[in-house]
Amino acid sequence: AQSVTQLGSHVSVSEGALVLLRCNYSSSVPPYLFWYVQYPNQGLQLLLKYTSAATLVKGINGFEAEFKKSETSFHLTKPSAHMSDAAEYFCAVSDWRYSTLTFGKGTMLLVSP
Amino acid sequence: DTAVSQTPKYLVTQMGNDKSIKCEQNLGHDTMYWYKQDSKKFLKIMFSYNNKELIINETVPNRFSPKSPDKAHLNLHINSLELGDSAVYFCASSQGQGAIGRYEQYFGPGTRLTVT
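Taken in sequence, the protein lines are chains A and B.
For the first sequence, the working numbering assigns the number 1 to the initial residue and increments by one for each residue that follows.
For the second sequence, the working numbering assigns the number 1001 to the initial residue and increments by one for each residue that follows.
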């Protein structure tokens, strides 16, 4: 069975600081991995995805993530946080057969001025 | 033009009632899903439909019955609502399934169901 672990339910950064949100996965087959963002009272929006092409994936809003097979990780980073980045972030792995997503428990990113 | 829409956005009802949530996608996708997000923000797959056929039913009580009248719609009907059904329900769609799991899913805005 696939699973996703997101370390840290809350991450606090100052505006302009580096953002690092951690995600580790477990999968018996090469995974498809995704990061989604959820703003308050809204649906989920795709930030980026890994589908076995380049290991460094660039997404929207300046986010990127690096797939590291040896570490089974897919951490999300952004060089400089903006206030508008404050939201809940979910890492997810896609089931190879059915495409259903297994989500991590989410990380709330808090950005202070 | 909304890609995945859900109605209603908010639903407040009493225990024992029956309610439905509607979902429509205008992306031309083959596969649609229902996810449940609990009070701790944890998201879990409930159902997956591909071309109007049920593919996945993830140990959801049979009080929940999805119905797909066509490829663009996937409705969720819930019978005999219980307090524990209170959650946010998200509809999603994607271009395909199986090894095409590399396609991202597009989510609706969610329906917040409150059972009193």
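A few of these clues could be false.
[What the hints assert, rightly or not] Lysine-lysine pairs mimicking BS3-like chemistry, simulated, CA-CA at most 30 Å apart:
hint, chain 1, residue 1, chain 2, residue 2
1, A, 69, B, 1019
2, B, 1067, A, 68
3, A, 68, A, 58
4, A, 58, B, 1022
5, B, 1067, A, 58
6, B, 1019, A, 58
7, B, 1022, B, 1040
8, A, 105, B, 1044
9, B, 1040, B, 1067
10, B, 1041, A, 58
11, A, 105, B, 1041
It should be emphasised that the hints constitute simulated quantities derived from the structure, not laboratory data.
- prompt: Which hints from the list above does the structure break, by number from lowest to highest?
  reply: Hints 1, 2, 4, 5, 6 not satisfied by this model.
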